[in-house]
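These protein sequence lines map, in sequence, to chains A, B and C.
All residue numbers in the first sequence are consecutive under our numbering, ending with 293.
All residue numbers in the second sequence are consecutive under our numbering, ending with 645.
All residue numbers in the third sequence are consecutive under our numbering, ending with 1042.
It should be emphasised that the hints constitute simulated quantities derived from the structure, not laboratory data.
Predicted model, so just to flag it, every value in this text is computed and none were measured.
Every residue, glycine too, gets a C-beta built ideally from N, C-alpha and C.
Some hints could be false.
Derived DEER-like restraints, expressed as beta-carbon distance ranges [claimed, not checked]:
id, chain 1, residue 1, chain 2, residue 2, range
1, A, Ile69, C, Asp923, 22 to 30 Å
2, B, Thr310, A, Leu260, 49 to 57 Å
3, C, Gly881, A, Leu131, 15 to 23 Å
In silico lysine-lysine, DSSO-like type, Cα no more than 30 Å apart, as pairs [as the list claims (entries may be wrong)]:
id, chain 1, residue 1, chain 2, residue 2
4, C, Lys688, B, Lys482
5, B, Lys328, C, Lys843
6, C, Lys957, B, Lys468
7, C, Lys927, B, Lys604
8, B, Lys420, A, Lys176
9, A, Lys55, C, Lys688
10, C, Lys750, B, Lys482
11, A, Lys32, B, Lys604
12, B, Lys328, C, Lys750
13, B, Lys604, C, Lys957
14, C, Lys843, B, Lys482
15, C, Lys775, B, Lys604
16, B, Lys468, C, Lys725
17, B, Lys468, C, Lys858
18, C, Lys858, B, Lys604
19, C, Lys1029, B, Lys482
20, C, Lys775, B, Lys468
21, A, Lys287, B, Lys420
22, C, Lys927, C, Lys1029
23, A, Lys55, C, Lys794
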Amino acid sequence: MTFLTYLISGLALGSVYAIIALGYTMVYGIAKMLNFAHGDIIMAGGYVAFFAFTKFGLGPFMSILLSVIVSTILGVVIERLAYRPLRQASSLSVLITAIGVSYFLQNTAQLLFGADTKIFPALLTEKSFTLFDGQLTISYLTIITIVTCIIIMIGLTTFINKTKIGKAMRACAEDKGAAQLMGINIDTTISITFAIGSGLAAIAAVLLCSTYPSLSPTLGSMPGIKAFTAAVFGGIGSIPGALLGGLLLGIIENLTKAYLSTQLSDAIVFAVLIVVLLIKPTGLLGKKENVKV
Amino acid sequence: MKNLINDLFGKKNRARTISFLMVIFAYILIEVLTKSIRMSRLFTSLLVPTCCYIILGLSLNLVVGFSGELSLGHAGFMAIGAFTAVCVSGLTSSVITNETLRLMLAVFVGGILSGLFGLIISVPVLKLSGDYLAIVTLAFGQIIKSLITNIYLGFDADSMQFSFVTNELNLNNGKMLLSGPMGATDTAKISNFTSGFVLILITLFIIYSLIDSRYGRAIMAARDNRIAAESIGINISRTKTLAFAISAVLAGLAGALYALNYSTLQPAKFDFNTSILVLVYVVFGGLGNINGTIVATTVLYILPELLRFLKDYRMLIYAIVLIVVMEITNSEKMKQFFDKGKNSIFKKGEDA
Amino acid sequence: MKKLLVVLLSLLCALTLAGCGNGGGNGGNDTPTDGGDETVTVKLGGSGPLSGDAKVYGEAVRNAAQIAVDEINASASTIKFDFFMEDDMADPEKAVTAYSNLYDKGMQVSIFTVTSGAGAAVAASYDEDKIFAITPSGSSTALVYTDEKNFTGNFQMCFTDPNQGIASADYMAAKFADKKIGIIYKSDDVYSAGVYEKFVAQAAANGLNVVYKDGAFTDDSSTDFSTQLTAAKDAGADLVFLPIYYQPASTILKQANDMGYAPVFFGVDGMDGILTLDGFDKSLAEGLYLLTPFAADADDDLTKAFVAEYEKRYGETPNQFAADAYDCVYAIHQALRDIGVNSEYDFDNLYAAMVDQFTTMSFNGLTGKDMTWAENGEVSKAPKAVIIENGVYVSAD
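Full structure from sequences and hints, please.
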């Protein structure tokens, strides 16, 4: 029974990682850049939802919606101002710019909102239910987190596979030059990718902050790195891979803490990652690219 | 004479000559200044860490710039060198009383041990490529930090004791070398600017020797076109392993020098952010550009100190500087401007 | 390349000149006096994290110290302060440059550093340069002494980590002898690990029943505590000791509540501040015990006035970092006054005189009455156990 508890909380944590990892993976797949500022979009989303709910008195749904909208705009603006001028630059220049954007967002948040932690309000009134004569307690939040993750995954897959924009995104991911020749507007497509990734980050922010309610300017950095790890774990650029990587990472992390060692959990999680990558060098579901001469 | 000038400043060796001259000139200038007029404490306290970060930057440039592999875990190697050096220095403090000698020993052992780890780690790391390689270096960096955070090491008159995860040491009036998350405390500060300067010279010598060697050319060939390089019989994994291990040695040296400059050292220092910081220096200076790394590291390391007058806006401005410089250096117009500048200097060089 | 060189050289020059400009050093007789009257201005320095993760602590200290300085400067006292605080980002490396900066500015007395890690890195420098320093919140013993050496002029306003661990275990032995104890702590944090280590030892000595002590977390895993809580619950712990800061503690309280786990929670001074967290559901903290020297809702006049002023200026309720910082400035002021520092005073004697004062004087402040200091720099004041009832601190004795 205890094992189930660990597993379920691992699944919830993994679902959040997965949603964040989606943002990483989509941006990587299409713009071929590691957006290190992605974690900080989560932070921004968290703050917007916090202020909307506690200070402006909006309802939970409206707060989340506002958070998604603001994050989406932020993502698009960052892409437009900071990344687009670097389209032709080396990937490392873009990486450093992303790091600069990350510092920028963190420091701006510190100046705007103060450095002290804020406690994210409970958007749900119902807390938990018990199963098996009270032996297993599951919170509704956990269920919602996992369900949201699944819905997003299905929605996104459908979007990418069935819609015209989705097709454009896949084409860009495959070959930008050829896509452009086929009349696809690369800039718009990349903007849309950033918009979706940032919107998802806002949802992840609300879920993350609801479960682990401390809101601080550096909130996004660690989940960001973990989600990046998850994205690579599953095969970067692959959407089902992000899901799988995120869930596995969450579960492994929680089970390690429970049964092996809390002090060494980070080391063990990363060791598992290394082993997996050695067996499958492009992640669990990543494509193997054959380089032609 | 003309031959010598051609030798030193000719196309082939110009960068190397400038590197050494620049470092030696800076050293002499600073030494003269500190000896003749009373320099601010801030200035003198920045000297050794700047040297450390220059060596780290050069070491990372070897992997990222010359070998073409993105490493996000360089702080891990620095940590190994740092904590090894602290232990070596702490253990031998009663035996070797000469500080310079002890520093040399500690730096040497730190570098070697870090190199050994680099060699071991390079085996799995170099099986991968691109971002998968990057994430594995990040993972190793985190693992190293996490392991060091759990090491308890101490000694007393009778024995040397070690425990892992929990502190079970039972010392009889002894000294703790490493105490878990608290790391090393009460370290004797034996690093100095001259040792930093010498280490930079050694680092430059090692890197230039490597680049100019057969191996160095093989490394760059493999970076530029792996398939072509393989097809002419270059053993890519061996050359890359060499670059990776040497880079680890250099990072270890830097870590050792760094550790012995402070009376306390915590494992938490060597996290992802430190790796990233050094990467920023390298990219700013230009990939594969050794002089660029030296200058960029110095400027970027000192910049936050110069921005102190901005108070709370300091790190915000630092972030903006980062972004703006990246945008400017990568914009087409600026590129043309710099290319023009480069050409004119180049022409002068040819005339001489 | 040349352009870069030029940039580099001009930077060097800028730095050098900046240094020469105020390179007078400290400890001289060059203290500025205010236009001939009897007042003397003492340069008070200090460093703390004013940017980065730990900014909240540095800000609290800076704000409270500023209040104390402003109060003193506005008072009739002939001793005035010129107060400056540098950013050290809670990083030992930056602490050294921050200290150098303070030294260059001619600091004469100091409120040291805010965090332990940074403080340990400059403790020896304060000692060598003979600048008196008292830290509001750097609670590691490494700031005031090492195995081999006592830093004569380094003092603490807060309890040391070992003392908090011992005091907690002693309190529990007296009050909760029959409870099964679980511990959740932050293993890569000097403060938390320091309290934890001594607590475990003292708990064993006191015969306490510690059933779960592996509840460590690290900076990288400080969001999810469900594993540790489940393990503590399974081990049957009905008292959970939390020697951590209030931010992760707030998450722990919430997650415990979510999973229906309700042991007695017990914190140390880092727990203070939990009630002032923006958005925190105070009902979660009902019944929480903590050992703290300061309670923002105490009803003595000193606390009331301080809290009111702090809230007026900064819009937040001060925590124990702020209170300790406020006390530091007043303790320094009291010592300077009793030494008889005036415009004729020879500041070369200040260091020895301050040490002399601090080891003999007694001080009343926000964080305790009749505080005294031992020669090793540790403070002696009584930790107060409080329990949170109806959203306020109530004495638990």
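Right, here's what the structure says about each hint:
{"no.": "1", "hint": "Ile69(A) to Asp923(C): 22 to 30 Å", "verdict": "holds (23 Å)"}
{"no.": "2", "hint": "Thr310(B) to Leu260(A): 49 to 57 Å", "verdict": "holds (55 Å)"}
{"no.": "3", "hint": "Gly881(C) to Leu131(A): 15 to 23 Å", "verdict": "holds (21 Å)"}
{"no.": "4", "hint": "Lys688(C) to Lys482(B)", "verdict": "holds (28 Å)"}
{"no.": "5", "hint": "Lys328(B) to Lys843(C)", "verdict": "violated (48 Å)"}
{"no.": "6", "hint": "Lys957(C) to Lys468(B)", "verdict": "violated (49 Å)"}
{"no.": "7", "hint": "Lys927(C) to Lys604(B)", "verdict": "violated (34 Å)"}
{"no.": "8", "hint": "Lys420(B) to Lys176(A)", "verdict": "holds (28 Å)"}
{"no.": "9", "hint": "Lys55(A) to Lys688(C)", "verdict": "violated (42 Å)"}
{"no.": "10", "hint": "Lys750(C) to Lys482(B)", "verdict": "holds (24 Å)"}
{"no.": "11", "hint": "Lys32(A) to Lys604(B)", "verdict": "violated (37 Å)"}
{"no.": "12", "hint": "Lys328(B) to Lys750(C)", "verdict": "holds (21 Å)"}
{"no.": "13", "hint": "Lys604(B) to Lys957(C)", "verdict": "holds (22 Å)"}
{"no.": "14", "hint": "Lys843(C) to Lys482(B)", "verdict": "holds (29 Å)"}
{"no.": "15", "hint": "Lys775(C) to Lys604(B)", "verdict": "holds (27 Å)"}
{"no.": "16", "hint": "Lys468(B) to Lys725(C)", "verdict": "violated (43 Å)"}
{"no.": "17", "hint": "Lys468(B) to Lys858(C)", "verdict": "holds (26 Å)"}
{"no.": "18", "hint": "Lys858(C) to Lys604(B)", "verdict": "violated (42 Å)"}
{"no.": "19", "hint": "Lys1029(C) to Lys482(B)", "verdict": "violated (40 Å)"}
{"no.": "20", "hint": "Lys775(C) to Lys468(B)", "verdict": "holds (26 Å)"}
{"no.": "21", "hint": "Lys287(A) to Lys420(B)", "verdict": "holds (16 Å)"}
{"no.": "22", "hint": "Lys927(C) to Lys1029(C)", "verdict": "holds (21 Å)"}
{"no.": "23", "hint": "Lys55(A) to Lys794(C)", "verdict": "violated (53 Å)"}
Taken one by one, the earlier hints fail for this structure at numbers 5, 6, 7, 9, 11, 16, 18, 19 and 23, listed in ascending order.
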